[in-house]
Amino acid sequence: MFLIDRRQMLALAAWSAAATKAWAQSPLTTAEHALYDAARREGEITWYSGQYSADASEAAGRAFTARYPGVRCNVVRSTSQVAFQRLSQDQRAGVAQCDVFSSTNGGHYIQLKRQNRLMQFRPASADGLLPMLRQADPDNYFQSSFLGIYLMAHNTRLVSEADAPQSWTDILDPKWRDKLAVGHPGFSGAIGLWALQMRTMFGPDYLRRFERNKPQVGRSSIDPVTMMNAGERGVGVAVPSASTLFAMSRGNPLKLIYPTEGVIAALSPSAIIRNAPHPNAAKLFMEFTCGPALSIAVRELFNESIRPDVQPPEGSRPLDQVRMLAPSLEEAERGVPEVREQWREIFGV
Amino acid sequence: MSAALRPSRLRLLEPVMLLWLALIAALLVLVAGPLLKMVLVSFEMQETGEFTFQNYLTAYGRQRYLDALRNSLLLGALAAAMSVVIAVPMAWAVSRTDMPGKGFTWAMVLAAFVMPPYLGAIGWILLAGPNSGWINVTWRALTGATEPLVNVYTFTGMAFVIALHSFPLVFIFVKSALDLISSEMEDAANILGGGTWTTMRRVTLPLVWPSILGGFILIFLETIALFGTPAIIGIPARINVVTTQLWQFFEDPVRVEVAAAYAIPLLLITVGLIAVQKLMLARKGFVSQTGKGGERREVKLGPWRWVLFGWCLTVGLLAVVKPLLVLLQASFAKAWGRGFSLDNLTLRNYRFILFEHDMAPQSVWNTVWFSAASATIAVILALLVAYIVIRRLMRFADALGFLAMAPFVIPGIVMAIGFYAAYAGPPLSLYGSGLLIILAFAARFLPIAYASSQAAMRAVHPEMEEAARILGSGRLHAIRKVTAPLLKTSLLGGWLVVFIVASRELSAAIFLVGPRTRTMSVLLYDLTEQGNFEVVAAFGGVLLVITMVIVGIGMKLVGRDFMLRRE
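Those sequence lines, one after another, are chains L and Y.
Numbered according to my numbering, the first sequence spans residues 1 to 349.
Numbered according to my numbering, the second sequence spans residues 1001 to 1567.
Careful: at least some of the hints might be erroneous.
[As the list claims (entries may be wrong)] FRET-style restraints, in silico, Cβ to Cβ:
no.	chain 1	residue 1	chain 2	residue 2	range
1	Y	Phe1355	L	Asn275	53 to 63 Å
2	L	Lys214	Y	Leu1074	18 to 28 Å
3	L	Arg323	Y	Trp1365	47 to 57 Å
4	L	Pro277	Y	Phe1355	49 to 59 Å
5	L	Gln311	Y	Leu1347	21 to 31 Å
6	L	Phe202	Y	Leu1028	26 to 36 Å
7	Y	Trp1365	L	Pro174	50 to 60 Å
8	Y	Leu1074	L	Gly251	33 to 43 Å
9	Y	Thr1156	L	Arg212	17 to 27 Å
10	L	Leu319	Y	Phe1355	25 to 35 Å
11	L	Gln115	Y	Leu1028	33 to 43 Å
12	Y	Gly1339	L	Asp127	21 to 31 Å
[Said to hold, decoys possible] 25 Å max Cα-Cα, derived DMTMM-like pairs, lysine to aspartate or glutamate:
no.	chain 1	residue 1	chain 2	residue 2
13	L	Lys255	L	Asp173
14	L	Lys113	Y	Glu1251
15	L	Lys113	Y	Asp1252
16	L	Lys255	Y	Asp1398
17	Y	Lys1037	Y	Asp1398
18	L	Lys214	Y	Glu1356
[Unchecked claim] To be clear about the criterion: a stretch of chain L counts as covered by chain Y if any three or more of its residues have a C-beta under 8 Å from a C-beta of chain Y, and this derived list gives those stretches:
no.	region
19	44-57
20	64-77
21	147-154
These aren't lab readings, by the way, just hints derived from the structure by calculation.
Bear in mind that the values here come from a model prediction, so they are computed numbers and not experimental data.
Heads up, the beta-carbon is just placed ideally off N, CA and C, and yes, glycines get one too.
Chain Y extracted, bound-state conformation:
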């Protein structure tokens, strides 16, 4: 087949070749450049640029800095483990059982995914502050206890809040894997005497082990790269983590070199994790899809289905309903500590943020336009790369695919430091321009776009394009007129997901924004700095409304489950 293609490619592809080269250049600029620059910088002396190991000694020469690293690793592991515990029963219940309220569970998972983690963190400060949190106030009133029931300012408290906004990833992974398992495997176990629970434990769950592990690793990586929650909860809880420590290296004098050196081990850990994952999965088979197309039946749970529903309900309450309620209350309150009463109601917070704040409208606009631009760039790049990889148009196509997926495993804050080191200063001097942030977002979320483009591309047989090309159409023309329209829905879905995650991104933006390019998430962070939670909540409300509109459009255009589909 490739032999048959080759002559025609040489004849027809001359102008297109330039585009492919441009594509490679774009990937180098977006992914390879910043990473390479960061590695180089980590061995450079500040000012002189001489080769040195001193940055590594500085970065790891202190107990406090090492503690931060250890805290991050523990936090990542704990948050990921909690997410698995939260999400796996939910995924199993929704995918395999006759549990009621599946629509509700979907909605809660979607909402938990859409809500920015730092907003959830603020919600949980209002809920679980040891003295003033609503939960503790209620607990004391009911029981007369003096000790708080829950305390958000602890290591587990912080991990829990993070898990409440990360578990949807595990849910998506595990549910889509479970959807593929046919009931016959479970039937076999049943026939051999295993009850529902034994079957689930011994057969069903082990079959989706790769998805659980994948979700675990992803959440681990997202957690160690998280900046907002550790700054908002971690500082009062006296927990220093890698990201807050990296922030300190940016204090005057800005020590990009030390920050880079401090961040490199994170990359190594990531690479190590991926290797471990490969190793753990290598020796076993997890094939659940065969040519025989088995039937999938819901497991009848009897009264247990209400227990499972109770679990989903609790998660929904904790992750979405309660934090949203207290944030809503705070956003309309003169002083949130005074609780729900009529004379505490005010629109002042919204008025301030919408009409009196110089930067807020600008930041709303920045968020929308940066997210839209980066989503567009990511989707176009991803589509072209996926096209090359799937159609095997180039010798090193797989390397391109690897580059497009690489940011998936690079913590966002590491990426931001790479972008700062590579493009903030001369010769490009992009610092303070929107372009820098757009590029960083596009690079950071390229894997999401790539995964959805790749899956969609696999589903389109080349013969339709070939028909067009036989009729005289060029490669690009065929892509534009035939392939892209066929992929329209998936591309739009990918675009929307990138848009949404970009609009709430904080850790990649925090080092890259200038005075005119602050996004809503950065402005929210600036506002939390002075603890004015009423205004923060109002601004968070505005951000949520914008996201909701986008999600609504997405559901209308692409289908209800566009955010949670995993092709």
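Only chain L is shown next, with the shape it has when bound in the complex:
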């Protein structure tokens, strides 16, 4: 079983604290310099985000504020669909409050771009991203800022390793009735991607059969991790690897399952909103997001690094050894709202 002992944990903490400090103090790049003064005059940036967990988002916000003194990052963390709902409410009221929008549901960006609500900007630091993340949009309206791995996990006290499901179709077996937990596509962007991917791979009947096992429905994709920690449910479906690894580091008896078909990989962008009240700070934030500082900050909480020059987190399988599944952004734009509606018909909520 994977567990970091106290010494390793301390060493890791010391290393990452030192590294964070080093990056916080490392000289600003030319691109950052060019934006910093204007950003400081604006003083703050408001970030609607559904990508990283609350802890990791706050850590990222603090890292930003530490690196660019005088520019404050207001972190507004919720699930991705709720973040998008807030953005829509702003738009409907005609009030600009959001500078940078980060959602796990890439389809949101296709819609926002089509509605001409995004600002064109390519951060120079995007050139240093993992190759698969370097160019999210040929027109540079949005950039990749998040690589989330969604898989399964089990509570080892309730479900032994031998019994644990191995594939996405294993959980349709009636023996998993009342033992599963999952998030909700009306809240979580990642669960929307997962449901869409399952429908594509296994047909429209998948969700209906999944429902027959009466999974406990939460809101965020992180909800099932809590349910497994508590022992309420034995298997978490489409849980983020980061939150699961974090829960394991706190002593919860969980284990990751890499399904045989592959994991859901949310390669999710961030974008500056066209009428952003702090455009320069927003650009600086995008430089920060694609640069090493963000990856270092979120890596400590077991999120995947999005750059090759920052180590992946402890305990997760190297990316070149996992098969990644994901709908395209265009498929997500059309498919996620559909599958969300279908979900509500099937599950009643």
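Add chain Y to chain L, keeping to what the hints say.
Quick look at chain Y alone, frame taken from chain L:
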């Protein structure tokens, strides 16, 4: 009397008249405006604003949406009925009998009232989760059973959790009514051969029937407007209700029009309920207070008094002690599922929420300042309206009183949608500003302030003010120097109650907050979204400490029972 007043009013009131006009304007902005706008919007086509019935067809054109409405009505009725069952024996015991532990019962009722319902809901998830809840774990360990004893993720489970935090309203209503009944009526029944129980059933309870009904209706209304508990318990339990459905109408693209259309029937139901209440009470007399000032004696219950105390104790345990204990445990735990052990203890959750969370300190400040501002606005408005109504200073004074009481029967979430529709966008564009939330809170809780101001105002005879005015003081000066000081205690009591209920309000805030104006309740809701109950519990602890300080101040200044008094 009014004829005698009139000339002096015309002579002295010129500048004050402006204030009255401002007051009317304020009531229109706070109460009538949002409601009117909502009704209008419900008939508007999105984008074009043309007249249409389409919103109603969309809002009620689906089985799922109708189911949500039915679920809400059932949930409201069930939670209200449970509250009555819980509270009426307690109220009777505290008011009329020699039951021991009355102080304890008071404290439990007060605590259940102060605790935000969504926090109680989280506590009950930790207690009554079918597999992991403490109650079920203990039950299985004791009996070896495999099935859970209780399951919070059910319709009755959810109604029960709601009732545990709503029953204090019935308690307050019924107890204050019982306090007024003199023992002579019961004596009469006793003489005619009725025992204690028959008397209670046939005489005492029927006399307080209006209060029971009033409490029932109020809880029904509060329940159908509740957002937090249905989101936290209802989604895993697969129960969709009106409020969670309204939330879906705010998904992209935001369909305020459909949401408004969906909410209008709630208003009609409310109006209908009030009408039914009037009808049911119309044909009977419930006068228990006469000029003869009867004596009130405690009913001697013998051993039964311990049964009643057991009931109060159980309610206190279920509503307050147990949820608080598990929340406290979770807030200091690394992983709450691991239970009580030393190596599971940590301060990390508190550290995160107090020092590492960007928004938490801001939200604490927002909560305090929004609640204080809205309480101040509500109390000042309520005082002035009550003054006008009681002193009959204007022809349409009663209409003002009606406006001030109207939000009482408007579900909070409906109010929020009205505020969003009316003031979020142009021309005022208040969305994202604290003012929008302050105004919405002030409007929502105006009736509480009004009820307490009105009752207090009735108790002040105009002659004291008249004395001041004869000596040359203007109307406002007299109010400031004579009336307000006399009312100080009641006003402060009203202010504190509004402050407390505003500080825990979620359903009116959820549609109105912006990134910089999130309150503690909204942030708590955001945190529950990712199921991090340890941090949620820690933040809930902070919220409870703040509320406790305010309640403590209130008790010090106004008296021990300020929250539960009903004038």
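So, going through the hints one by one against the coordinates:
Our hint of 53 to 63 Å for Y:Phe1355 and L:Asn275 is violated, since their Cβ atoms are close to 33 Å apart. For L:Lys214 paired with Y:Leu1074, a C-beta distance near 22 Å keeps the hint of 18 to 28 Å intact. In this structure the supplied range 47 to 57 Å holds for L:Arg323 paired with Y:Trp1365, their Cβ-Cβ distance being about 48 Å. As the Cβ distance of L:Pro277 to Y:Phe1355 is approximately 27 Å, the hint placing it in 49 to 59 Å is violated.
In this structure the hint that L:Gln311 and Y:Leu1347 lie 21 to 31 Å apart at CB holds, the actual value being about 29 Å. For L:Phe202 and Y:Leu1028, the Cβ-Cβ distance of about 58 Å falls outside the hinted range of 26 to 36 Å, so the restraint is violated. Separated by about 52 Å at the C-beta atoms, Y:Trp1365 and L:Pro174 satisfy the suggested range of 50 to 60 Å. For the hinted restraint 33 to 43 Å between Y:Leu1074 and L:Gly251, the CB-CB distance of approximately 42 Å keeps it satisfied.
At roughly 24 Å, the beta-carbon separation of Y:Thr1156 and L:Arg212 lies within the given 17 to 27 Å, and the hint holds. Distance hint check for L:Leu319 and Y:Phe1355: the Cβ-Cβ separation is about 34 Å, which falls inside the suggested range of 25 to 35 Å. Between L:Gln115 and Y:Leu1028 the CB atoms are about 36 Å apart, so this pair conforms to the stated range of 33 to 43 Å. Between Y:Gly1339 and L:Asp127 the beta carbon distance is about 50 Å. The supplied range of 21 to 31 Å is therefore violated.
Straight-line distance between C-alpha atoms of L:Lys255 and L:Asp173 comes to about 20 Å, which keeps the hinted pair within the 25 Å bound. Between L:Lys113 and Y:Glu1251 the CA atoms are separated by roughly 18 Å; this keeps the pair inside 25 Å, and the hint holds. Distance restraint check for L:Lys113 and Y:Asp1252: the Cα-Cα separation of roughly 15 Å lies within the 25 Å cut-off, and the hinted pair is therefore satisfied. With a CA separation close to 67 Å, the supplied pair L:Lys255 and Y:Asp1398 exceeds the 25 Å bound.
Restraint check: the Cα-Cα separation between Y:Lys1037 and Y:Asp1398 comes to about 23 Å, which is no more than 25 Å; the hinted pair holds. A threshold of 25 Å between alpha carbons decides the hint, and for L:Lys214 with Y:Glu1356 the separation of about 37 Å lies outside it, so the pair is violated. Given as covered by chain Y, the region 44-57 of chain L passes the check, having 5 residues with a CB less than 8 Å from a CB of that chain where 3 are the minimum. Figure legend: the region 64-77 of chain L, annotated as covered by chain Y; annotation consistent (5 residues with Cβ-Cβ distances under 8 Å, at least 3 required).
Only residues whose beta carbon comes within less than 8 Å of a beta carbon in chain Y count, and the region 147-154 of chain L has 0; fewer than three means the coverage is violated.
Going through the hint list in order, the structure does not satisfy hints 1, 4, 6, 12, 16, 18, 21.
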